[in-house]
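Keeping their order, the protein sequence lines are chains A and B.
Here this note's numbering is used: the first residue of the first sequence is 73, the next is one more, and so on.
Here this note's numbering is used: the first residue of the second sequence is 416, the next is one more, and so on.
It is possible that part of the hints are untrue.
[Unchecked claim] To spell it out: a stretch of chain B is covered by chain A in this simulated footprint if at least three of its residues, at any positions, have a beta carbon under 8 Å from a beta carbon of chain A; those stretches are:
| # | segment |
| --- | --- |
| 1 | 490-499 |
| 2 | 517-527 |
[Unchecked claim] On the chain A side, residues computed to face chain B include the following (Cβ under 10 Å):
| # | residue |
| --- | --- |
| 3 | N94 |
| 4 | D96 |
| 5 | S100 |
| 6 | D103 |
| 7 | F118 |
| 8 | F137 |
| 9 | V150 |
| 10 | P151 |
| 11 | G155 |
| 12 | D156 |
| 13 | S157 |
| 14 | T175 |
Just so you know, these hints were derived from the structure itself, not from any lab.
Quick reminder that beta carbons are idealized off the backbone N, C-alpha and C, glycines included.
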Amino acid sequence: DQQVKQNSPSLSVQEGRISILNCDYTNSMFDYFLWYKKYPAEGPTFLISISSIKDKNEDGRFTVFLNKSAKHLSLHIVPSQPGDSAVYFCAASETGNQFYFGTGTSLTVIP
Amino acid sequence: DTEVTQTPKHLVMGMTNKKSLKCEQHMGHRAMYWYKQKAKKPPELMFVYSYEKLSINESVPSRFSPECPNSSLLNLHLHALQPEDSALYLCASSQVSGGSQETQYFGPGTRLLVL
């Protein structure tokens, strides 16, 4: 049972524009959400996180939005750069339990 | 410093070989994890060590044997693997296991090919 879903396997965006990656979850007990970025044949790199008590967290070009009522989170990257091309995984956890990863979205930023 | 190191980077082994994967972190984290990742799939949790004790084994076959010699090191011993075990093996660590707002930090992975 996939508790965290990323319904878009891929996304292409022009350099300089906004990239929006989406993630949906089913478990209302999740209280912490993270985004990881992964290059091929490398481990995931932690990007940004958000607690369930917030609805927005910003770090430079990266902003994560959380809509608890819709059980939806999104990652906004603006402006997008070619180096942002990677696979992005969202993850969710509930205190006392382990991570659940989404299936990933492959982002391509076109120069 | 949020670095987790893994060796080797690549490994090719036959089905009768015995090999070990190593993972190290010096962040003072007390939880360490092994994940397996196939292409275009999310990481799958295999094992969790909490304070050097195995706390979670996600029904992993016995041909994978984890070991945590101390709080900074995590090994994964491999024996009699199958070709379908070929994957990227990822190590991760976090301050504690199952804590509030825990972030897991991943190593670069070991790319394993079983022939």
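Can we keep the A/G155 interface hint, with Cβ of chain B closer than 10 Å? With a minimum Cβ separation of about 18 Å from chain B (threshold 10 Å), the hint on A/G155 is violated.
Verify the coverage statement for the segment 517-527 of chain B against chain A, using a C-beta to C-beta distance below 8 Å and requiring 3 or more qualifying residues. holds (count 9)
Restraint outcome when A/S157 is required to lie within 10 Å of chain B by C-beta distance: Nearest chain B Cβ about 15 Å off; hint violated.
Chain B contact restraint on A/S100 - CB to CB distance below 10 Å: Result: violated, 17 Å to nearest chain B Cβ.
Restraint satisfaction for A/D96 [CB to CB of chain B, less than 10 Å]: Violated: closest Cβ of chain B sits about 14 Å from A/D96, beyond 10 Å.
Restraint check, 10 Å cut-off on beta carbons, for A/P151 near chain B: This hint is violated: A/P151 lies away from chain B, its Cβ roughly 26 Å from the closest one there, beyond 10 Å.
Minimum beta-carbon distance criterion (10 Å), A/D156 to chain B: violated, 18 Å
Close enough to count: is the Cβ of A/F137 nearer than 10 Å to one in chain B? Check failed: Cβ of A/F137 comes no nearer than 18 Å to chain B, outside 10 Å.
With a cut-off of 8 Å between beta carbons, are at least three residues of the segment 490-499 of chain B near chain A? Violated - the segment 490-499 of chain B has 0 residues with a Cβ nearer than 8 Å to chain A, which falls short of three.
Hint status (Cβ of A/V150 to nearest Cβ of chain B, threshold 10 Å): Violated - the Cβ of A/V150 stays beyond 10 Å from chain B, reaching only about 23 Å at its closest.
When the least beta-carbon distance from A/F118 to chain B is tested against 10 Å, hint result: holds, 6 Å
Quick one, is the A/N94 hint okay against chain B at 10 Å, beta carbons? violated, 15 Å
When held up to the earlier numbered hints, the structure conflicts with 1, 3, 4, 5, 8, 9, 10, 11, 12, 13 and fits the remainder.
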